[in-house]
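Just need the whole structure built from these sequences, with the hints factored in.
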Amino acid sequence: MCGIGGIVLFDGSSPDSAGMQRMVDALRHRGPDDEAFCVQPGLGLAHTRLSIIDLSPAGRQPMQVESANLSIVYNGEVYNHRELRRTLEAKGHRFRSSCDTEVVLRAYAEWGDTCVNRLEGMFAFALWDADRRRLFAARDRLGIKPFYYHFDSATGEFLFGSEIKALLAYRLRSFDLDLAALDDYLAFGFIPLSRTPFRGVCKLPAAHVLTLERGVLALQRYWDVDFCRTDRPAVTDAGEVAATLEAAVRRHLIADVPVGAFLSGGIDSSAVVAVMRESVDVPLATFSVGFEEPSYDERAFARTVARRLGTDHHEVICTARDFESLWATTVWHADGLAADISNVPLFMLARDARRHVPVVLSGDGGDEMFGGYPTYRADRLAAVYRRVPRPLRSAVATLSTALPASTAKLSFDFRLRQFLAGVELDEVARSHFAWRRIFTGAERALVLDAGPDGRDVSDSEEALARLFHDAPAATVLQRAVYADINSFLVDSILAKVDAMTMAHGLEARVPLLDREVVELAGTVPDRLKMRWGEGKRIFRKAVRARLPREVIARAKSPFQPPLAEWLRRDLRAMVGEVLSDDRVRALGFLRPSGIAALKSEHFAGRANHGFKLWLLLNLVEWHRLFVEGQWTARLAGGRSRPSGPERATRPAPGR
86 MCGIGGIVLF DGSSPDSAGM QRMVDALRHR GPDDEAFCVQ PGLGLAHTRL
136 SIIDLSPAGR QPMQVESANL SIVYNGEVYN HRELRRTLEA KGHRFRSSCD
186 TEVVLRAYAE WGDTCVNRLE GMFAFALWDA DRRRLFAARD RLGIKPFYYH
236 FDSATGEFLF GSEIKALLAY RLRSFDLDLA ALDDYLAFGF IPLSRTPFRG
286 VCKLPAAHVL TLERGVLALQ RYWDVDFCRT DRPAVTDAGE VAATLEAAVR
336 RHLIADVPVG AFLSGGIDSS AVVAVMRESV DVPLATFSVG FEEPSYDERA
386 FARTVARRLG TDHHEVICTA RDFESLWATT VWHADGLAAD ISNVPLFMLA
436 RDARRHVPVV LSGDGGDEMF GGYPTYRADR LAAVYRRVPR PLRSAVATLS
486 TALPASTAKL SFDFRLRQFL AGVELDEVAR SHFAWRRIFT GAERALVLDA
536 GPDGRDVSDS EEALARLFHD APAATVLQRA VYADINSFLV DSILAKVDAM
586 TMAHGLEARV PLLDREVVEL AGTVPDRLKM RWGEGKRIFR KAVRARLPRE
636 VIARAKSPFQ PPLAEWLRRD LRAMVGEVLS DDRVRALGFL RPSGIAALKS
686 EHFAGRANHG FKLWLLLNLV EWHRLFVEGQ WTARLAGGRS RPSGPERATR
736 PAPGR
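FYI, in this note's numbering the residues of the sequence shown are 86 to 740.
Among the hints, erroneous ones may be present.
[Said to hold, decoys possible] With beta-carbon atoms standing in for the labels, derived distance ranges:
1) Trp196 to Glu635: 47 to 53 Å
2) Arg217 to Ala638: 54 to 60 Å
3) Asn154 to Ala640: 54 to 60 Å
4) Val367 to Gly661: 47 to 53 Å
5) Leu501 to Ala319: 32 to 38 Å
By construction, these hints were calculated from the structure, which means they are not laboratory data. In this text, a Cβ means the ideal position worked out from N, Cα and C, and glycines have one as well.
Quick look at the structure:
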């Protein structure tokens, strides 16, 4: 795993070497083992390396194949690289290293753009074909690895990086704010689809390739989750699910360094750890994070699994004081505004894990693949509830407003109000996304100034509804899963995991998002994934012999800190300072009166606005860092070592 960045200038001018060094500086946390950049007329490539496969200097990047006039910067892991290497060697390729980067480079030399169809793993890379003056970039099927870019069609300038701050570092100036994207952010806690907080900065969508040739930019999808495939029979045997999981986990163990695992005590991470334990003959390190508040602390389940499997288990506790000292740092790392409520505890978990191992496996993706989220059951319940006469539904909604506001984890009053607000939309796609919504449209209007006539109100809810309805799927559950894979999973969950783990140079792998697992899960009938009171039915059956009974029977529980109570009590002064009227007013696009009302209601216990206040805290700090320019001071202070000429500048082919 690494950090990548670069620039293409079609006017033939040479990139600024100082700008390329700043790009390296901005990405250093992603790759602490090595760094380099190369420049030539019209091209600059930057790389910071986290050495996982082939630790020798032969794996350094940017990497070139001089005979084919190709250069690459690459981030990720291709788990079938050994098989591809044998195929390429049979075709006459001679390798200088044993790393997967060179396999990707030579795969392009052999198969061109279609090489991505052969890659199994997680990756984001940019490859320069000097003979054709052409950039070819790609992102893995599920979007596990990030890729941001900016293209100025007027000047022909193309910038890209693993993080937005790499683009800012080269330019030394910000981009214009996209208030419609900020409207999305307040709605969901992340910015869906290809948007980012900045106009002109985009995410390369998952499962897409990007080409840039003669100043023309083109994107093309190369893979999709298809629930209507006829070339693969439906999977109803839990044994087949278990065998596919085993193969996926073993693929994800390929490394030249020790591999550990995150262990929450939930069924997904526990299943991954169980297969890992069977597959390795060395001590397996597992890592958990918990809280002092018993109702939020799940370490007991993780300990049960660790004892059962005999792992070398490590724990860390996240307190309100930790939260206060670290939350702004997590905003720096999540520069695309993926403000998950679990960012701080995950940051601490990754920091602890990196002291022991450079790679961990996690259980992310299991809920999407096997129907584990309560939102999927809410979709089904909504279809029944809508049969209730509207006057009676209105009465229930009125009664729900009388319930006292609780700060408990996913309290009954919170879940009821979310459900009732969503079900009244009377449209299944809009209801599905409403279950996750944090600010309603009316609430956003009270805190965000969207400009005259609301011109900056987002249209993403329409786009997400189309994503739901146009899914290659036959059932409501399949459509919901497809929509989540292409929004919540990639833009929130995976973005969060990448940002918080790579903050410490820790590689996080997700075997439940292995292509074979995803495609198998797509064939499992709905009835074997979910029924009224239980999700992931076939998955539970597939792993029940490996895990304690209490873990198998455990209901889905979100991983989150007691933030609402902390904001009301321990962090109240911090909230008041960061969200003060003067500071909010100075931003120019937020409404101090609306935010003041949220603070007042939350502090008085009249409402639980914990999620809302968390998003606003992140937004104000993000603006301070990346719009007001405070990130430059942080960057200057974060340089860990000098880069001499032999490290910093190496020529690329085609000079």
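Tested hints:
1. Between Trp196 and Glu635 the beta carbons are some 49 Å apart, a value that agrees with the proposed interval 47 to 53 Å.
2. Roughly 58 Å separates the CB atoms of Arg217 and Ala638, a value that falls within the hinted 54 to 60 Å.
3. For Asn154 and Ala640, the hinted distance range of 54 to 60 Å is satisfied, since their beta carbons lie about 57 Å from each other.
4. The hinted window of 47 to 53 Å between Val367 and Gly661 holds, with their beta carbons roughly 50 Å apart.
5. At roughly 36 Å, the beta carbons of Leu501 and Ala319 sit within the given window of 32 to 38 Å.
Checked against the numbered hints given earlier, the structure satisfies every one of them.
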